[in-house]
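Chemist: Residue-level listing of the chains:
2 protein chains.
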Amino acid sequence: MKAADPATIETPVGYLDLSRVRANARRVAAYADGHGLRWRPHIKTHKSLAVARIQLEAGASGLTVATLREAEVMATLTPDILLAYPPVGVAKLERLLALPRELDLKVALDAPEVLAPLAAAAAASGRTVGVLVELDVGLGRVGVRTDADLVRVAEGAASGRGVAFRGILFYPGHIRGPRESQSSPVAQVAERLRAALDALGAAGLEPEIVSGGSTPTLWDSHLMTGLTEIRSGSCIFFDREALDVGVASAEDLAYTVLTTVVSTAVPGHAVVDAGSKALAKEGRGGDGFGVVFEHPEVVVRSLSEEHGVLDLGATTWRPTIGERVRIVPNHVCVSVNLQDALLARDGEAHRMLTLDARGRGPWTA
Amino acid sequence: MKAADPATIETPVGYLDLSRVRANARRVAAYADGHGLRWRPHIKTHKSLAVARIQLEAGASGLTVATLREAEVMATLTPDILLAYPPVGVAKLERLLALPRELDLKVALDAPEVLAPLAAAAAASGRTVGVLVELDVGLGRVGVRTDADLVRVAEGAASGRGVAFRGILFYPGHIRGPRESQSSPVAQVAERLRAALDALGAAGLEPEIVSGGSTPTLWDSHLMTGLTEIRSGSCIFFDREALDVGVASAEDLAYTVLTTVVSTAVPGHAVVDAGSKALAKEGRGGDGFGVVFEHPEVVVRSLSEEHGVLDLGATTWRPTIGERVRIVPNHVCVSVNLQDALLARDGEAHRMLTLDARGRGPWTA
Chain A
0 MKAADPATIE TPVGYLDLSR VRANARRVAA YADGHGLRWR PHIKTHKSLA
50 VARIQLEAGA SGLTVATLRE AEVMATLTPD ILLAYPPVGV AKLERLLALP
100 RELDLKVALD APEVLAPLAA AAAASGRTVG VLVELDVGLG RVGVRTDADL
150 VRVAEGAASG RGVAFRGILF YPGHIRGPRE SQSSPVAQVA ERLRAALDAL
200 GAAGLEPEIV SGGSTPTLWD SHLMTGLTEI RSGSCIFFDR EALDVGVASA
250 EDLAYTVLTT VVSTAVPGHA VVDAGSKALA KEGRGGDGFG VVFEHPEVVV
300 RSLSEEHGVL DLGATTWRPT IGERVRIVPN HVCVSVNLQD ALLARDGEAH
350 RMLTLDARGR GPWTA
Chain B
0 MKAADPATIE TPVGYLDLSR VRANARRVAA YADGHGLRWR PHIKTHKSLA
50 VARIQLEAGA SGLTVATLRE AEVMATLTPD ILLAYPPVGV AKLERLLALP
100 RELDLKVALD APEVLAPLAA AAAASGRTVG VLVELDVGLG RVGVRTDADL
150 VRVAEGAASG RGVAFRGILF YPGHIRGPRE SQSSPVAQVA ERLRAALDAL
200 GAAGLEPEIV SGGSTPTLWD SHLMTGLTEI RSGSCIFFDR EALDVGVASA
250 EDLAYTVLTT VVSTAVPGHA VVDAGSKALA KEGRGGDGFG VVFEHPEVVV
300 RSLSEEHGVL DLGATTWRPT IGERVRIVPN HVCVSVNLQD ALLARDGEAH
350 RMLTLDARGR GPWTA
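As you go down the protein sequences, you meet chains A and B in turn.
Position one of the first sequence corresponds to residue 0 (numbering that gives the first Met the number 0), numbered consecutively onward.
Position one of the second sequence corresponds to residue 0 (numbering that gives the first Met the number 0), numbered consecutively onward.
Simulated from the structure, these hints should not be mistaken for laboratory data.
One or more hints might be untrue.
What the hints assert, rightly or not - With the Cβ distance kept under 8 Å, some of the chain B side facing chain A (calculated, not the full set):
| id | residue |
| --- | --- |
| 1 | 66 |
| 2 | 218 |
| 3 | 221 |
| 4 | 306 |
| 5 | 340 |
| 6 | 344 |
We treat Cβ as the ideally placed atom computed from N, Cα and C, and that holds for glycine.
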């Protein structure tokens, strides 16, 4: 018995179709190229060197990361690393500045209180770290909110030792998809961006990088005038959310969770062995936690840690114990993060794929 | 700089107070002992050999697990292992039967379609695996629903080669806490249990083990007449859910997530570096995803993968960038499962604690 065989491998396990990964990478790279944009994909979705290599081979100009672990691992593949997260605290700063010196290293931040310690630590280690000032364009999570604050932080980056002003970064995460983004929200982002760029220009600051994009707004990124790059990450795999907002179709799905039916004791239900520790219990307003890939009318109604309850109310499918099905999770990034390895299909062959940048270690005792 | 220092360690990181772990273990063991019950704690909550050792030293009679990985790791500590999960599929059966032969190994299941392959595989390997038939007492997840089905599966276990009928198992996960369990739901469970035991008795089957319990119903387990053991797992750490249902108080909380404030750019909010990849985005009806331990009036309003948005609407606390706070997650088990190590406080000392049974590997390529 081969271990990496979808018919017999122990479940639950994340299942990746590498031909779809390559097709998704080529399509996003072609879209970006066609609109004069760079693609610096966020690798939080996959945390895998093998998948990052596919993105770079397809034309990605570098990689975006959120954690120092991700930065360390991905710096072995490309010199162009963007840490799209404020490096706050001595431990993160030390780890950041221990990255290879030949990197073109950039970080995103939104406050002088983050900039000052970064600049001091970088200067002390004889390095210069690029800074993208993060701008809130409507999500209300992080990012400066006024042009005055934007210019203030940008000027700090432009004038300080140890740091260099490289541009701005935003995340239009409040726009939930193409239907929305065709109308006012995307126009509002474009308008906000124009005002921000005008304010920087008036202060004599020229952003080399204007970094934006998200998977829901992926195919409308070119409508945000002034953008130089997109970071869209989950578009490499897609998920139920992407299907629902219309940014991808079922043929584009590269990631599912392979499961086995383990109980049919409760009428109207079947239970698979993928629970919240394999799919992640990220709800969507009472709409369940995923769907069965082979029977998309079947919703994962509830999740315990190791149980996924399938609602059979809308299907003629009658699952039997031992039968294997794949689940499309609501949100791919958090499901991948729960796997310790993926079963990857490459043509007719299968192999195990490691998630190299998962976790936050190494920890020293 | 010491690495395992809560003032400087890289965040987010799970933080464990071992003195509270020991106190919780002693209290649960004393409760069980006082009511003539055994405690076979479910180690899914912690997946840690160090914590399991504390439970066994406090008087736990064995350990309950959900995965084969957990079984393999915990079998190094105790000969008494209950896999409270149906072992469906060749891969799980092979791994189950590769466990040390000297174990007193028991599994839970609810169907002849699970029992038959288990019995065949066990007999072929010259072993006898104990069977607890799982009974649905109201949760509607897994478990036989009728006395006829219960007796049928139990008789199959009692008569088959490779397996032995050892008793029944149930999980009263539909009862949300002491207030509820004092009234009709717990009485209904007791009644269901009595009928089940009567039906088994009438068929000449004597269950040696009647395994139940949950953390919300923990202190009322003795009201479920006929019970011989409880498996309560999350009571070793407790969480926000336990506080809300009244089964624990803030002094009992052993696990929190240590975080750093990374942004205060958006008015009324502060952002910490623990997101859904550290806390798990398990909602509780719009009530947020956790609370700040030091400022329990502050709710984690929303989560992105690496951002936790704190709602400052009900507090006079004004967090500053770089400040450290600990978050009490809604559901401890899924948050612990997201950590690759914990910072453990033991008296005045701190050390890193590994989560030995996390993941599902080893995988063979």
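Chemist: Run every hint past the structure and note whether it holds.
Modeler: Here is what the structure says about each hint:
The interface hint given for residue 66 (chain B) holds, since its Cβ lies 7 Å from the closest Cβ of chain A, which is under the 8 Å cut-off. The interface hint given for residue 218 (chain B) is broken, as the beta carbon of that residue sits about 22 Å from the closest beta carbon of chain A, more than 8 Å. The interface hint given for residue 221 (chain B) is violated, since its Cβ lies 25 Å from the closest Cβ of chain A, which is over the 8 Å cut-off. For residue 306 (chain B), the interface hint holds, since its Cβ comes within 8 Å of a Cβ in chain A; the closest pair sits about 6 Å apart.
This hint holds: residue 340 (chain B) has a C-beta 5 Å from the nearest C-beta of chain A, less than the 8 Å allowed. Taken as an interface hint, residue 344 (chain B) does not check out: its beta carbon lies about 14 Å from the nearest beta carbon of chain A, beyond 8 Å.
Against the hints set out earlier in the document, violations occur for numbers 2, 3, 6.
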